[in-house]
Amino acid sequence: MSVPPMIQPPPAGPVPWDKTFAKKLLADMLRIRRMEEKCAELYGEQKIRGFLHLYIGEEACAVGALHALAPDDNIVATYREHGHALVRGVSMNAIMAEMFGKAAGCSRGRGGSMHLFDAATRFYGGNAIVGGGLPLAVGLALADKLQGRQAVTACFFGEGAMAEGAFHEAMNLAALWHLPVLFCCENNLYAMGTALARSEAQTDLCAKASSYSVPTMKADGMDVVAVHEAARIAAQHVREGLGPFFLELQTFRFRAHSMFDPELYRDKAEVEAWKTRGPLHTFSARLKAEGKLTEEEFLALDAKANAEVQAAVDFAEAAPWEPIEDLLNDVHTPRAAS
Amino acid sequence: MRMSYREAIRQAMHEALTADPRVFLMGEDVGKYGGTYACSKGFLEEFGPERIRDTPLSELGFVGAGIGAALGGLRPIVEVMTVNFSLLALDQIVNTAAALRHMSGGQFSVPLVVRMSTGAGRQLAAQHSHSLEGWYAHIPGIKVLAPATIADARGMLAPALADPDPVVIFEHAQLYNLEGELGENVQCDIASAAVRREGAAVTLITYGGSLPKTLAAADELAGAGIDAEVVDLRVLRPLDTATLFASVKKTRRAVVVDEGWKSGSLAAEVMARIAEEAFFELDAPLKRVCSEEVPIPYARHMEEAALPQAPKIVAAVRELLGK
Ligand SMILES: Cc1ncc(C[n+]2csc(CCOP(=O)(O)OP(=O)(O)O)c2C)c(N)n1
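Heads up: the sequence lines are chains L and Y, in that order. If you count by this note's numbering, then the first sequence holds residues 1 to 338, one letter each, in order. If you count by this note's numbering, then the second sequence holds residues 1 to 323, one letter each, in order.
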């Protein structure tokens, strides 16, 4: 029997940050939202093709968590990674161009929406095999540990991935070898059409993770404050060399799984109820109530995000296509002739 | 009756579920979602959750469980969303399903059907565009089918379920929306290749998602006065070489069209069989049109350039014939 997920009251309470930091996180959530809304539109116009998995509704997770990380840390993400890439510092131009399939894209147009990569920001992609990023994160952390670097490898994945063998093998390896991995599970309650209770015998995800003797924490993934505060504690634990940490971010995707999904498996009412907990409007309302944000400031942030989106679209439109003669590039790494 | 490939698959499964209580369907999102490609839409309501089993994301686990269920007397249809994800289950398919009959000295057979979509062409990039039928066709102990027509989509499942050994069925993702006529008789074999178009000048050998492209190429060649025969392999393992040799004997030339990468491809196997056993029937070297040796890129023009396309097939034939 599946139990209807309980919907909690919207995030509330004081925001323990100064105005500048709070506005920065709000701005980042807005940037993701506006970028993705545009992506959905562009998909309709067939400028963006393939699979497009929107993060709309889940923005507080990437924004809260990534702001707890440092430039030397590594990020591993899934096919629902536009937000992570953007907040990590990949330019919106490069992301948009990638989705257009242009050579100016962050993966030279070879990857598309599901495979954003960026070496400069240690963004190890966009993996579209569910669970596929977890062992990779273990290895990145192993490399850091063996080379004496104090970095954290943050690995994002959905709750659906926790049914895969890769999750269990990766958790065990990370715990066994005390590796600096921050496992960030974005639990949005549905893996495509499969609700959590219909796919996991143990629906308490932290309980699953703790069986590997890994410390765990749950946070409200609709609340950027809760996510960030939890991620700071978790990242610090990992950075101090105390081994891996498992963070469950309880969230919800407002849109379909991908652009092909008719959403037959969930009620509109459930989605609407979750929208009352939306990370953007609840956070901005709290900031306003505390006098940390005015409506004018909000509108200015929004306008700025929209302008950035428009510039990114213009950039992507204008960018040239890669010549077909280059098709076989980047299959192997070029070696200097010896 | 006119229907889509998707509907043909659906009807075949519906018939099997209705006819035999041992048959059940399991896989990711086959139930509540209605199937990734909507091939099992409505089944959950009709047959119930015991027989239409949504699985977690656990490819190795549920494919392996399908093998066990087959051993235990059931007739599972296991749907793996795509061939790409079947790599997580490859161990169970190759090390257990394919080998069990032999390594148990003939005591245990595995009457399992695994269905999966395959192929590229929708800008899904490297991890969602594999065409690994040839890998599966390498493995003794399994049969590998590639229905490329409405009739085969409708007809191949029943004999696959009746087969005492594991059968893997590849449904090319580009075919689901294909429409065509289905005759009264929906029975077919899972042993033979089929001549889809008769011709005398050259034999085009293909399978799965490349069949429509090859037929389009043959049409274009006909316009240029080149009369191509098109053979659809249908069954990728074991290969029906008799049909291939008969065609080659007639046309004396062959071009193989395969969405797999050239190196180590099924095309390579087909060519080797012809070279080994029908070499002296040939008037020209064998040729093939395969995918370029690159993970499938996202950008549309790049993906198109990476895959076999009708114009490339036409060009290969013209080169072969010197016209
Ligand atoms: C190994 C594998 N199996 C199946 C799929 C198809 N698929 C893509 S996303 C998805 C659901 C994953 O859900 P979850 O991990 O919870 O992440 P979410 O999409 O909700 O962010 C499925 C079944 C896949 N990409 N990889």
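A couple of the hints might just be wrong.
[Stated by the list, open to error] Calculated lysine-lysine pairs in the BS3-like style (CA-CA distance at most 27 Å, straight line):
no.: 1; chain 1: L; residue 1: K275; chain 2: L; residue 2: K288
no.: 2; chain 1: Y; residue 1: K323; chain 2: L; residue 2: K268
no.: 3; chain 1: Y; residue 1: K312; chain 2: L; residue 2: K275
no.: 4; chain 1: Y; residue 1: K312; chain 2: L; residue 2: K268
no.: 5; chain 1: Y; residue 1: K312; chain 2: Y; residue 2: K323
no.: 6; chain 1: Y; residue 1: K250; chain 2: Y; residue 2: K262
no.: 7; chain 1: L; residue 1: K19; chain 2: L; residue 2: K288
no.: 8; chain 1: L; residue 1: K23; chain 2: L; residue 2: K218
Simulated from the structure, these hints should not be mistaken for laboratory data.
Each hint, compared with the structure:
1. Our distance criterion of 27 Å between C-alpha atoms is met by K275(L) and K288(L), whose separation comes to about 19 Å.
2. Straight-line distance between C-alpha atoms of K323(Y) and K268(L) comes to about 61 Å, which puts the hinted pair past the 27 Å bound.
3. Under the criterion of a C-alpha separation no larger than 27 Å, the hint pairing K312(Y) with K275(L) is inconsistent with the structure, at around 50 Å.
4. With a C-alpha separation of about 47 Å, the suggested pair K312(Y) and K268(L) falls outside the 27 Å cut-off, and the hint is violated.
5. The straight-line distance between the Cα atoms of K312(Y) and K323(Y) is roughly 14 Å, inside the 27 Å bound, and the hint therefore holds.
6. A C-alpha spacing of about 26 Å is found between K250(Y) and K262(Y), which places the hinted pair at or below 27 Å, so the restraint holds.
7. For the given pair, K19(L) sits about 11 Å from K288(L) by alpha-carbon distance, which is consistent with the 27 Å threshold.
8. For the proposed pair K23(L) and K218(L), the alpha carbon gap of about 24 Å is at most 27 Å, so the pair holds.
Of the numbered hints listed earlier, those contradicted by the structure are 2, 3 and 4.
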